[in-house]
Structure formats: C-alpha cells, structure tokens
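A.B. asks: Sequence:
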Amino acid sequence: MTVLIPPRLEPGDRVRVVSPASTPDLDLVARGVEVLTGWGLQVEIGQHVFDSVGYLAGTDEDRLADLNDAFRDPGVRAVFATRGGKGAYRISDQLDFDAVRRDPKPLVGFSDITAVHLSLWKECGLVGIHGAFVHPNDESECALHRVLMSTDEIVIRQDPKELSVGLTDGGPATGFLMGGNLNTVAHAVGGELSSLDGGILLIEDNLGTGLGMIDRQLTQLIKSGLLDGLRGIAVGQFIGFEDERVNGWSVLDVMRDRIDLLDVPVLGGLPIGHGPQPATVPLGTLATIDPAAGTLTVAAGVR
Numbered sequence: 001m002t003v004l005i006p007p008r009l010e011p012g013d014r015v016r017v018v019s020p021a022s023t024p025d026l027d028l029v030a031r032g033v034e035v036l037t038g039w040g041l042q043v044e045i046g047q048h049v050f051d052s053v054g055y056l057a058g059t060d061e062d063r064l065a066d067l068n069d070a071f072r073d074p075g076v077r078a079v080f081a082t083r084g085g086k087g088a089y090r091i092s093d094q095l096d097f098d099a100v101r102r103d104p105k106p107l108v109g110f111s112d113i114t115a116v117h118l119s120l121w122k123e124c125g126l127v128g129i130h131g132a133f134v135h136p137n138d139e140s141e142c143a144l145h146r147v148l149m150s151t152d153e154i155v156i157r158q159d160p161k162e163l164s165v166g167l168t169d170g171g172p173a174t175g176f177l178m179g180g181n182l183n184t185v186a187h188a189v190g191g192e193l194s195s196l197d198g199g200i201l202l203i204e205d206n207l208g209t210g211l212g213m214i215d216r217q218l219t220q221l222i223k224s225g226l227l228d229g230l231r232g233i234a235v236g237q238f239i240g241f242e243d244e245r246v247n248g249w250s251v252l253d254v255m256r257d258r259i260d261l262l263d264v265p266v267l268g269g270l271p272i273g274h275g276p277q278p279a280t281v282p283l284g285t286l287a288t289i290d291p292a293a294g295t296l297t298v299a300a301g302v303r
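Per UniProt numbering, the very first residue in the sequence shown carries number 1; after that it's consecutive.
Derived by calculation from the structure, the hints in this document are not laboratory data. Keep in mind it's a predicted model, so treat the numbers as computed, not measured. Worth double-checking, as some hints may not be accurate.
Stated by the list, open to error - For lysine-lysine, the following DSBU-like pairs were computed, each having C-alpha atoms within a straight-line distance of at most 35 Å:
| # | residue 1 | residue 2 |
| --- | --- | --- |
| 1 | K86 | K161 |
| 2 | K161 | K223 |
| 3 | K86 | K122 |
| 4 | K122 | K223 |
| 5 | K86 | K223 |
Could you build the full structure based on these sequences and the hints that come with them?
C.D. replies: Set out below in structure tokens:
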C-alpha cells in the first residue's frame with residue numbers, strides 16, 4: 001500500500017470543522033476554534049456542524065456532504081471532527097476517495113471517527129490523527145499543535161495510573177499504528193477494517209460497552225483473521241471500568257484472556273482515549289511499542 005502523508009499545517013492555512021457523527025456543544029466548538037485561530041489558522045465551520053436529527057448532527061447526506069466538501073476544497077488544508085458519538089460509521093464508505101488521493105489532508109478525530117480513519121486508510125492509505133478537537137489544557141493543545149505543525153516523532157509515555165497498564169507484556173515491536181475505539185474497530189470487520197498484518201493495533205474504550213461486549217469485540221477481531229501477522233498492541237484508556245466486575249473478572253482479565261491468544265507484545269497504560277487529557281497520535285505511520293521502557297514512539301503524521 002502507498003501511504004499518503006499529508007503536508008503539515010502552516011500559519012495562514014484554511015481548515016474546516018465538520019460533524020460526521022453527533023451534534024457538538026456550541027461552547028466547546030467555540031473553544032476549539034479559538035485555539036486554532038490562535039495558531040494562525042483560518043477556521044471555517046461546515047454548513048451542517050450544529051444540525052440535529054436524533055443523536056446525529058444532521059442527515060447522513062448532509063454530514064457526508066460537509067466531509068466531502070472539505071476533502072474536495074483545495075484551499076482546505078486540514079479537517080477537524082468536532083466530536084465522536086454516533087453516525088460516522090453510516091457514511092464512512094461513501095467518502096470521495098479520489099479527492100483524498102489527489103489532495104491528502106489530515107483528518108483529526110477519535111471515538112466514532114475511528115470509522116472514517118479506518119476507511120481512509122483502507123481505500124487511500126491516508127495517515128490520520130487520533131485526537132480530540134477540543135482540549136482541556138495548554139499541554140494537550142500543544143501536543144495537537146506538534147502533531148499537525150511539525151515533523152517531529154511523537155513519544156507517548158505510559159501512565160502508571162491508567163487501568164490498562166496491567167496488560168503490559170513482552171518485548172519491543174514495530175509496525176504501522178492503526179485502530180482507535182475498540183467498539184468501532186470491531187464493528188468495522190467486513191467493512192472499513194483492513195488487514196493489520198505488520199501493524200500495531202491501538203485500542204481504547206469506555207464503560208458504555210461492558211465486559212461482555214469487550215469480550216465479543218476482541219473475539220470478533222481475532223476470528224476475522226484481520227489480526228493475523230499483527231506485531232503488537234497499544235492499549236489506551238478504558239474509562240469507567242475500574243470497579244466493573246462480573247463473577248470476579250475485571251476488564252483486564254477479559255482482555256488478557258483474549259489478547260494472550262495473539263501472542264504479541266502489549267503496551268498498556270497509554271493516556272489515549274476518552275480520558276480528561278487524551279494524547280494525540282498519528283495513525284498509519286511507523287510506530288514502536290517498548291513495554292520495558294513504557295513508551296509508544298510514532299513517526300510524524302505530516303511531512
């Protein structure tokens with residue numbers, strides 16, 4: 001596969017904000033726009049960003065139109081998803097992939113936006129950015145700035161306070177990083193998800209699922225064959241599972257029971273996901289997990 005690494009952002013660039021999934025909070029979007037404007041970027045808001053149809057930010061047609069308009073506009077140099085939620089999986093197979101191939105630009109998003117990242121990787125080999133549009137503090141805002149506006153490699157350090165740190169096992173492993181929200185990745189089997197042969201799988205999730213669903217999702221991925229040749233797993237935040245128990249089993253017991261079948265190195269405890277200060281990381285570039293050092297090192301997602 002030819003990997004498309006988009007150009008880095010420069011002050012003065014136009015960027016577009018869209019809502020491929022659920023409707024965002026107006027104040028949070030205003031905060032995100034303020035941050036991007038402070039970087040010298042010209043921020044445009046997609047036509048249907050604040051639309052609301054049930055739990056979706058407008059109809060499928062309108063959300064798709066906003067996303068494709070951003071990819072087709074040669075003046076737009078990056079696309080930011082306001083939030084995840086639900087609904088990106090409905091439109092992720094209908095993107096204008098030819099426009100993306102002609103003019104690669106980074107898409108920033110996580111959670112349900114994982115479906116779009118997976119689709120763009122499968123169809124175009126486009127490197128994406130797993131991260132939030134709105135960040136709670138200067139440190140996480142600077143991390144997003146670094147990922148989008150520099151070609152430095154990204155180093156994410158294990159947080160011993162994260163629940164998934166207990167899954168860490170094995171030696172170092174290197175491969176392309178791909179994945180995101182576990183629920184979304186599992187539901188992409190048979191659709192957006194392509195083979196992870198030679199890759200590092202990134203997973204994170206929150207308590208909205210439950211232990212049984214975590215079991216089903218990991219089992220589905222293993223049975224699909226798409227993890228054959230996997231080189232390692234990077235495990236982010238599993239928010240809300242700290243006290244969850246079913247007949248004595250915790251989420252770590254469930255995950256360890258499934259992941260051990262793959263016999264690959266695992267780096268847990270990464271501050272990536274739905275936590276209060278989630279790290280930003282490229283998807284699709286070369287990454288190394290080093291369980292002994294507690295680090296995930298990822299090549300730049302822009303050039």
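A.B. asks: May I ask which of the numbered hints given earlier this structure violates, with the numbers listed in increasing order?
C.D. replies: none
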